[in-house]
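Residue numbers (the numbering used here): 1 to 564.
Treat the hints as calculated values from the structure; they're not laboratory data. Where is the CB? At the ideal position from N, CA and C, for every residue including glycine. Don't take each hint at face value.
[As the list claims (entries may be wrong)] Across the chosen pairs, the derived CB separations fall in these ranges:
#, residue 1, residue 2, range
1, Glu543, Asp231, 10 to 20 Å
2, Ala466, Glu19, 44 to 54 Å
3, Pro24, Glu543, 41 to 51 Å
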Amino acid sequence: MSLSHPSSFHPQQMLRAAEPFLGPPPQLDELRYLLLDRAEEISAEFYRTITSSVDAAPFIENEEKLARLHRSLGQWMEAFLSTPPESQERAELAVRMTVTHLRIGMPLELTMLGHKTLRGIMTRELMERWPAGDRLGLIQATERLQRAFDYDLLLMVSCYHGEAVARADAAGTGMKRANERLEQSLQAQEGLLRTTSHELRTPLAGLVGMLRMLKRGVYKQEEERQAALDDALGAAHHLQALTDDLLHLARLDLGRDSFQRVNFSVRAASEEVLRRLESRAQEAGVSLQLTGDCENRIESESCMVYADRERHAQILTNLVQNAIRHAPGGAVTVHLHSLPESGHIVTEVHDNGEGIDSELLPQLFQPFTQSAGGGSLGLGLTICRRLVLAMGGRILAESAGPGQGSTFSFTLPMDGRESTSRITEGPSDATSSVLLVDDDALWSSDLARTLAQELAVHVVSVPTAAEAFDVIAERRFDLILLDVALPSTSEGRARDGLALLEELARHPDTLLARKWLISGHEPRFLRTELEHAWHDAFYMKSEILADRPAFLDRVRSALSTRHG
1 MSLSHPSSFH PQQMLRAAEP FLGPPPQLDE LRYLLLDRAE EISAEFYRTI TSSVDAAPFI
61 ENEEKLARLH RSLGQWMEAF LSTPPESQER AELAVRMTVT HLRIGMPLEL TMLGHKTLRG
121 IMTRELMERW PAGDRLGLIQ ATERLQRAFD YDLLLMVSCY HGEAVARADA AGTGMKRANE
181 RLEQSLQAQE GLLRTTSHEL RTPLAGLVGM LRMLKRGVYK QEEERQAALD DALGAAHHLQ
241 ALTDDLLHLA RLDLGRDSFQ RVNFSVRAAS EEVLRRLESR AQEAGVSLQL TGDCENRIES
301 ESCMVYADRE RHAQILTNLV QNAIRHAPGG AVTVHLHSLP ESGHIVTEVH DNGEGIDSEL
361 LPQLFQPFTQ SAGGGSLGLG LTICRRLVLA MGGRILAESA GPGQGSTFSF TLPMDGREST
421 SRITEGPSDA TSSVLLVDDD ALWSSDLART LAQELAVHVV SVPTAAEAFD VIAERRFDLI
481 LLDVALPSTS EGRARDGLAL LEELARHPDT LLARKWLISG HEPRFLRTEL EHAWHDAFYM
541 KSEILADRPA FLDRVRSALS TRHG
């Protein structure tokens with residue numbers, strides 16, 4: 001979804017269309033030196049005038065706001081007196097100032113009041129400083145100055161209008177998509193409620209039935225009574241496990257589940273899980289094997305991940321147990337390898353069992369998805385997905401079809417990639433600003449530095465969604481680069497890169513910013529999610545590394561379009 005100025009809004013074209021009514025754009029060369037020498041006095045009188053305005057008070061109530069206004073006024077005066085009103089520079093300045101005013105809530109009427117005040121002050125300064133005796137020259141100079149103000153007012157009002165229309169269009173599009181998502185969510189919740197009720201009623205009905213039969217003395221033999229008690233206990237355990245899973249899923253959805261992220265060897269942790277499941281595999285006639293790049297390199301950096309070790313064990317245990325259950329008499333292989341571009345370790349659980357129908361694959365991680373044999377897969381895979389996403393990874397199910405086995409793969413971040421601080425590169429007063437949200441310290445610092453140096457833009461890099469919202473409250477950004485696999489374990493809510501993208505697409509401060517997703521994950525991990533994401537473009541980190549000049553050209557083009 002691309003959110004930018006409507007195609008009908010072109011400041012330079014609009015000013016050219018107004019020329020027959022306003023006259024030709026004036027040249028203010030001789031006025032520039034006359035008035036810029038008095039810039040401090042003009043600013044001081046402007047401040048004295050607007051300070052007495054009740055409407056302006058909220059926007060100049062402290063030193064920081066006054067300093068910001070002073071810088072803005074200085075930029076405007078320099079551009080107003082030095083460049084033609086129809087120039088690209090003036091259009092860019094008008095757009096920047098308009099967006100800033102809209103972001104802080106300054107109404108158009110107040111901006112026009114300030115514009116009128118400046119017009120009066122600068123006209124008086126011109127009349128006082130113009131050489132005595134040159135009445136005709138003063139009349140012509142005053143007329144050019146008034147025409148310049150007319151052009152600037154038209155440019156400013158049109159920018160307000162264009163920005164407001166673009167925001168309204170973007171908000172409307174965002175609202176439509178949000179409503180569609182809400183409807184889908186409500187339908188999913190209704191389906192989950194129905195399925196959950198069924199899943200709870202089935203063992204509960206069996207449990208109640210057996211208890212009634214026991215109470216009525218239907219079972220005469222001790223062996224029969226013990227068997228019935230065992231069945232009742234099994235149903236109760238099933239209910240307990242299902243209830244625990246539902247509560248766990250609710251905590252994950254609310255972001256209230258706690259994570260203890262540490263550095264650990266993924267191979268050593270995987271070996272522990274397989275040892276615990278060995279007896280179950282033997283009972284099912286299934287062989288277990290661990291392979292991969294990390295073999296015999298347990299303590300090497302390539303095998304270390306930064307995640308919650310217990311949650312890793314929970315995920316792998318669930319996947320291996322599923323593989324054993326669906327591949328009786330077969331083989332289950334856990335394979336480890338790395339994704340250097342993304343800084344993640346991949347764990348693949350492969351079985352040669354019954355396989356999965358292709359139509360079922362996209363739904364596997366939804367609650368209570370039915371397997372090919374009609375049995376419910378419960379909440380295990382849903383919880384696995386939530387856990388993986390919360391720790392900054394991705395999860396994927398693949399199968400060539402029924403009878404062809406299946407592979408479940410999940411990723412976790414490598415040790416040493418996490419960033420904990422904000423990075424700022426480039427001049428703060430640069431024409432364009434870029435926000436980078438990525439928890440990979442090395443990658444984000446390198447990309448931020450490259451963008452600032454090569455494109456002369458201001459870049460802010462933050463590692464979390466929460467910090468991203470702090471930053472956008474401070475300044476406007478033209479381009480936002482988001483890592484897809486963004487951890488959300490310390491945010492108080494579940495929010496990965498895609499969830500953050502959706503929020504930014506609806507946020508008033510970032511409605512019109514271009515939003516690009518970046519990822520080091522292979523496309524197979526993201527294909528389904530990207531079909532529904534709210535991004536303007538997607539780039540693999542390997543693409544960017546392979547041809548950095550081409551990526552910089554795309555960024556440059558996007559920024560120039562944003563200001564055009």
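Query raised in the report: Taking 41 to 51 Å as the hint, is the beta-carbon distance of Pro24 and Glu543 inside that range?
Result: Holds: the Cβ-Cβ distance is about 48 Å, inside 41 to 51 Å.
Query - Range agreement (Cβ of Asp231 with Cβ of Glu543, hint 10 to 20 Å) - result: violated (57 Å)
Query - Range hint compliance [Cβ, Ala466 to Glu19, 44 to 54 Å] - result: Holds: the Cβ-Cβ distance is about 49 Å, inside 44 to 54 Å.
Hint check: a violation occurs at hint 1 only; the rest are consistent with the structure.
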